[in-house]
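Here the protein sequences come in this chain order: A and B. Just so we're aligned: 28 in numbering that gives the first Met the number 0 is position 29 of the first sequence, and the numbers increase by one with no gaps anywhere. Just so we're aligned: 238 in numbering that gives the first Met the number 0 is position 239 of the second sequence, and the numbers increase by one with no gaps anywhere.
Don't take each hint at face value.
Which copy is meant is left open, so a pair is good if it fits within one copy or across any two.
[Unchecked claim] The calculated lysine to any residue pairs, modelled on SDA-like cross-linking and capped at a C-alpha distance of 20 Å, are: (1) K20 / Q61; (2) K85 / P243; (3) K20 / R59; (4) K85 / L189; (5) K85 / L208; (6) K85 / A245; (7) K141 / T32; (8) K85 / E242; (9) K20 / D240; (10) K20 / P158; (11) K85 / T32.
Since the hints were made in silico from the structure, they are not lab data.
There are 2 protein chains.
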Amino acid sequence: MNILWVYAHPEPRSLNGSLRKAALEQLHADGHTVEQSDLYAMQWNPLIRPADYDHDPTERFQVANASSSALAAGTQTPDIVAEQQKLLRADAVVLQFPLWWFSMPAIMKGWVDRVFVEGFGYGIRRADGRSRRYGDGMLAGKRAMIVVSMGGSEHTVSPRGINGDLHELLYPIQHGILFYTGMSVLPPVLIASADRMTETDYAAAESGLVQRVKSLFTDQPIPYRTQNDGDYDRRYVLRDDIEPEAIGIRVHTTT
Amino acid sequence: MNILWVYAHPEPRSLNGSLRKAALEQLHADGHTVEQSDLYAMQWNPLIRPADYDHDPTERFQVANASSSALAAGTQTPDIVAEQQKLLRADAVVLQFPLWWFSMPAIMKGWVDRVFVEGFGYGIRRADGRSRRYGDGMLAGKRAMIVVSMGGSEHTVSPRGINGDLHELLYPIQHGILFYTGMSVLPPVLIASADRMTETDYAAAESGLVQRVKSLFTDQPIPYRTQNDGDYDRRYVLRDDIEPEAIGIRVHTTT
């Protein structure tokens, strides 16, 4: 299989750098090929601008229109096209980043902002008029997984931890980006208490990540509800008869 | 009062640009002063690098340590210091952005990543050993509000909408950034269906925003639980006897 490993840390000598090295070694040992997008090393430009989509700067810039038109016309900038090609070649996509302010670093957000263009990752209309999204996107069939480190303890992102439940904190990324474009999202790999690890802690974290990498193509994805298989009404709201009393992010996962 | 208006859109002639203009006119009419951080216009650099914090690039770069040391030593870059000074002068902070991938554009994420340094916004130890965070941060006493536009309809971010409940989608920002540093967070202003507005729709959206701007200093903030007033145990997990059956982001708000 071919794995795209996207990495967003300014320091290769970091904990994240060591973990990546171990994970990539395991993937190679298992006979996979790996492509990388090491965003800081690539000096990735994270800012959407009119020039990305060959847009006349004297005219009003509407991002969704300009980007999808450029995709159709083949006029996106080469750096965006290169990342889209990597995604198309991948059987699995791994996003590895330190949790900065309970989300991804700006450089990775800008990779998503610029590369996941309407019509590439999502948004194509089906014959029934519904758009292809949420399990039905253009990247369906691929797997995705987040590997995330944080300074705080695992307790703080537990279901009643003050920072918020990890599953819900990552929902905008796992559901709103990865599943949105059709990918099957595996549970995240959390490296907690990253700023105060002993050697034993590190060995356990590395071993845990290596195990998850070994089962990348066999682990069960998070059972998010698909958009177009009957659970949502025409307004894309969960049907009244499904978990009638429940509200919030949790209703979008079965079980 | 003094308001810091932070704006992240690449096109001043956009819907967001028009809404900002109307909001700023109202603030001025009410006798307030306004400072702006128009991030695209400023060409804000969103990427944390060792040079931000006068860090020797030959040594391993640990972001939290390097940034808090630079804050203490007075060696942060001038662009970061200027934004910190604006925050300190502000009585209220408004973040206005289009919802890209259910979060803020990369340029605004990078404003947070670089400016909200440990020891500036948060993280100072109290006499009892607990850190100042979540209602008890360095920016306590200030108000904060998000103004966010999205292409989709309001239904899709309702409590059972497929994109996820807006309150929970914005939790990493409202709770994890703004409340974390001590600010009182007002309910967000949502401009939905932004890509298909009639003139009547726009007039309603502008009027709604102007009303919210007029009541910026009188509206009730979201009642997030504070970290250090007894609701959380020593691991920063909600006490067992408070809403014992509840889990997820919702438990961190009183009702």
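Hint-by-hint comparison with the structure:
| no. | hint | verdict |
| --- | --- | --- |
| 1 | K20 / Q61 | between (40 Å within a copy, 18 Å between copies) |
| 2 | K85 / P243 | neither (41 Å within a copy, 46 Å between copies) |
| 3 | K20 / R59 | between (45 Å within a copy, 17 Å between copies) |
| 4 | K85 / L189 | neither (25 Å within a copy, 35 Å between copies) |
| 5 | K85 / L208 | neither (23 Å within a copy, 42 Å between copies) |
| 6 | K85 / A245 | neither (39 Å within a copy, 42 Å between copies) |
| 7 | K141 / T32 | within (15 Å within a copy, 51 Å between copies) |
| 8 | K85 / E242 | neither (39 Å within a copy, 47 Å between copies) |
| 9 | K20 / D240 | neither (48 Å within a copy, 44 Å between copies) |
| 10 | K20 / P158 | neither (31 Å within a copy, 41 Å between copies) |
| 11 | K85 / T32 | within (12 Å within a copy, 48 Å between copies) |
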